[in-house]
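**Q** For reference, the chains in residue letters:
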Amino acid sequence: MKILVAVKRVIDYNVQIRVKEDGTGIVTENVKMSTNPPDDNAIEEAVKIKETGKATEVVAITIGEEKAQETVRKALAVGADRGIHVKAEGIVEPLVVAKILQKIVDKEKPDLVFMGKQAIDDDCNQTGQMLAALLNWPQATFASKIGIKDKVLEVVREVDEGLETIEVVIPAIVTCDLRLNEPRYASLPNIMKAKKKPIEQLNASDLGVDTKSRIEQIKVEEPPKRKSGIKVANVAELVQKLKNEAKVI
Amino acid sequence: MSVLLIAEHNNKELRPFTFNAVTAASKIDSDLHVLVAGHNCADVAKAVSEISLVKKVLQVEAEHYENFLPENFATLVVKVSKNYSHIISSANTFGKNLMPRVSALLNISQVSDIIKVISPDTFVRPIYAGNAFATVKSTDEKKCITIRPTSFDAAPTSGGSATIEKIDGTEASNISKFIKREEVKSDRPELGTARIVISGGRGMQSGDNFKLITAIADKLKAAIGASRAAVDAGYITNDHQVGQTGKVVVPDLYIAVGISGAIQHLAGMKESKVIVAINKDGEAPIFSVADYGLEADLFEALPQFLEELNKLNTIQK
Ligand SMILES: Cc1cc2nc3c(=O)[nH]c(=O)nc-3n(C[C@H](O)[C@H](O)[C@H](O)COP(=O)(O)OP(=O)(O)OC[C@H]3O[C@@H](n4cnc5c(N)ncnc54)[C@H](O)[C@@H]3O)c2cc1C
Ligand SMILES: Nc1ncnc2c1ncn2[C@@H]1O[C@H](COP(=O)(O)O)[C@@H](O)[C@H]1O
Chain X
240 MKILVAVKRV
250 IDYNVQIRVK
260 EDGTGIVTEN
270 VKMSTNPPDD
280 NAIEEAVKIK
290 ETGKATEVVA
300 ITIGEEKAQE
310 TVRKALAVGA
320 DRGIHVKAEG
330 IVEPLVVAKI
340 LQKIVDKEKP
350 DLVFMGKQAI
360 DDDCNQTGQM
370 LAALLNWPQA
380 TFASKIGIKD
390 KVLEVVREVD
400 EGLETIEVVI
410 PAIVTCDLRL
420 NEPRYASLPN
430 IMKAKKKPIE
440 QLNASDLGVD
450 TKSRIEQIKV
460 EEPPKRKSGI
470 KVANVAELVQ
480 KLKNEAKVI
Chain B
1113 MSVLLIAEHN
1123 NKELRPFTFN
1133 AVTAASKIDS
1143 DLHVLVAGHN
1153 CADVAKAVSE
1163 ISLVKKVLQV
1173 EAEHYENFLP
1183 ENFATLVVKV
1193 SKNYSHIISS
1203 ANTFGKNLMP
1213 RVSALLNISQ
1223 VSDIIKVISP
1233 DTFVRPIYAG
1243 NAFATVKSTD
1253 EKKCITIRPT
1263 SFDAAPTSGG
1273 SATIEKIDGT
1283 EASNISKFIK
1293 REEVKSDRPE
1303 LGTARIVISG
1313 GRGMQSGDNF
1323 KLITAIADKL
1333 KAAIGASRAA
1343 VDAGYITNDH
1353 QVGQTGKVVV
1363 PDLYIAVGIS
1373 GAIQHLAGMK
1383 ESKVIVAINK
1393 DGEAPIFSVA
1403 DYGLEADLFE
1413 ALPQFLEELN
1423 KLNTIQK
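Heads up: the protein sequence lines correspond to chains X and B, in order.
Note that the working numbering has the first sequence beginning at 240, numbered continuously upward.
Note that the working numbering has the second sequence beginning at 1113, numbered continuously upward.
A couple of the hints might just be wrong.
[Unchecked claim] Below, a list of computed lysine to aspartate or glutamate pairs in the EDC-like style, where the Cα atoms sit at most 20 Å apart:
{"hint": "1", "chain 1": "B", "residue 1": "Lys1297", "chain 2": "X", "residue 2": "Glu400"}
{"hint": "2", "chain 1": "X", "residue 1": "Lys384", "chain 2": "B", "residue 2": "Asp1330"}
{"hint": "3", "chain 1": "X", "residue 1": "Lys384", "chain 2": "B", "residue 2": "Asp1344"}
{"hint": "4", "chain 1": "X", "residue 1": "Lys486", "chain 2": "B", "residue 2": "Asp1344"}
{"hint": "5", "chain 1": "B", "residue 1": "Lys1228", "chain 2": "X", "residue 2": "Glu400"}
{"hint": "6", "chain 1": "X", "residue 1": "Lys482", "chain 2": "B", "residue 2": "Glu1420"}
{"hint": "7", "chain 1": "X", "residue 1": "Lys486", "chain 2": "B", "residue 2": "Glu1420"}
{"hint": "8", "chain 1": "X", "residue 1": "Lys470", "chain 2": "B", "residue 2": "Glu1407"}
{"hint": "9", "chain 1": "X", "residue 1": "Lys480", "chain 2": "B", "residue 2": "Asp1344"}
{"hint": "10", "chain 1": "X", "residue 1": "Lys451", "chain 2": "B", "residue 2": "Asp1233"}
Simulated from the structure, these hints should not be mistaken for lab results.
Model the full structure from these sequences, guided by the hints.
**A** What follows is the structure, given as structure tokens:
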């Protein structure tokens, strides 16, 4: 079995982002970048499945500018076998990412595609579901537990009401929640070894996918700021303020 | 052209956020139709027909719609979508699971999680965990949109009498199967719609200690929330998680206890009207969004809080 894992390079989740003054976007110069957090869970799960002998190959793929390769390199350092980097500039919309991934799936013929449930930059939560639609594959989204049973996958999903268990027929798409597993750190020797693993580079345009955005970003602004509050001295004062000043209890 | 909203329900009742989605959808176009697909869901169709902003209800019944599997649902929505300019659902786990599948089948670039309708093609949506608001314009002819329910008021539940049209469904796909749902039932208000929410974080130290929070929630008729760290540690189930990857809440009062205030948590609660933070670390970032901050040990503060609340003999609803 072969598993393809989609990893996106995003601003590190610890960074307090800044909106550009001209309203055209977010400041990315000299900002720490990392793998989108749930994509680390996606890689970890694929590598774990390979370690149990149920998968033979884990391929990591990213779509983005030249430096997005670092994200693939990191996936190789934690156990992916090889990488694919599809070069594309600027914002690549989920639908475009899904169409590119569809082309790669046609070529690579994986049995499973693992992805994150949501990219923490655009917060779209779309790409996995879209890829599933394009391929006419089943989708197991927001996965916090995965079990492989022969030709089906049993997946526990995190939903608003609690947890849901479904079965999907392989080939299938899984989008991962952070609670799926505990991603490992890359050891120094493995980082060195990863440097020798192959990364194939392609251009989005070579794949015959139209990368033009259908959604125009008109402006990006800072959200309204909350006016600063006060510290209360003790619980009695807190309750008094909530009752008489804020009038919420 | 008309707009189509996909109702979220459990075959018996509408999920409350459908009312907020009705408000959002009717801001795009007043000719609002609602799709109710499920199994034995006539009561739901009836309830939708009574919402005054709804002009027509499309009801589809089949066993394979019972558990809302997107493989079955998306083809149905695509089939129904022909006559509509916009396909809309709530940006909760139901809509997040379904809508992108519909969008891709229709070759549409979806606009997720809108908080404001500027015009039928232009919307505002939060990005980067709500640390920026993007105004975006969809250039697709037809639009697929998910709305953030807490950013729109709930529509009045009565006063309407829309026609209910029964329509045919699509075939079942056999590539996915529903096995079970583990729903945590409680008599408390729902987290998403509660007037007061009290949430605990890693500072609670154990699931057992959440009883300090439960006691106050009972007193205030509040819903209980949690940080991701508290859920990860197993103190409380995942349906309580507030934040970027959990639920968004906008109550009148949000009380954060033993929560540091990471941006991913703030993403889910910083629009609350009044925020209280109880934390022993005076430097915790949660204080930067708190209207009332109490720097204290929660194990002392919470019992005192309950005691003070008990002293107030009139607690208004
Ligand atoms: C992609 C991504 C998505 C995420 N999504 C979410 C999300 O949706 N929701 C979410 O909440 N988090 C989310 N997180 C996690 C987030 O980054 C934080 O790790 C998490 O919110 C921290 O939870 P916490 O505040 O409970 O724990 P901590 O940060 O450990 O804070 C505990 C706080 O309790 C205080 N405390 C300890 N003991 C006491 C005491 N006795 N009395 C008073 N105060 C005390 C401490 O001073 C501290 O401030 C996400 C992270 C990532 C990477
Ligand atoms: N440019 C990209 N390259 C690789 N994977 C991506 C890219 N964009 C999105 N993905 C995958 O799709 C998931 C969901 O992204 P989104 O739909 O943007 O929230 C991410 O967690 C990734 O696994």
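**Q** Now, for every hint given, state plainly whether the structure supports it.
**A** Results of checking the hints against the structure:
Among the hinted pairs, lysine 1297 (chain B) with glutamate 400 (chain X) is consistent with the structure: their alpha-carbon atoms are about 9 Å apart, no more than 20 Å. Annotation: proposed proximity of lysine 384 (chain X) to aspartate 1330 (chain B) is violated, straight-line Cα distance about 33 Å (limit 20 Å). For a cut-off of 20 Å, the pair hint linking lysine 384 (chain X) to aspartate 1344 (chain B) stands: about 13 Å separates their Cα positions. The hinted pair formed by lysine 486 (chain X) and aspartate 1344 (chain B) fails the criterion: a straight-line CA distance of about 34 Å is larger than 20 Å.
The hinted pair formed by lysine 1228 (chain B) and glutamate 400 (chain X) fails the criterion: a straight-line CA distance of about 26 Å is larger than 20 Å. With a C-alpha separation of about 11 Å, the suggested pairing of lysine 482 (chain X) with glutamate 1420 (chain B) holds against the 20 Å cut-off. For the given pair, lysine 486 (chain X) sits about 15 Å from glutamate 1420 (chain B) by alpha-carbon distance, which is consistent with the 20 Å threshold. Taken as a hint, the lysine 470 (chain X) and glutamate 1407 (chain B) pair is honoured in the structure, with Cα atoms around 8 Å apart against an allowance of 20 Å.
Distance hint between lysine 480 (chain X) and aspartate 1344 (chain B) is unfulfilled; the C-alpha atoms sit about 33 Å from each other, more than 20 Å. Of the supplied pair hints, the one linking lysine 451 (chain X) and aspartate 1233 (chain B) holds, its CA atoms being roughly 18 Å apart against a limit of 20 Å.
Hint compliance for this structure: hints 2, 4, 5 and 9 are not met, and every other hint is.
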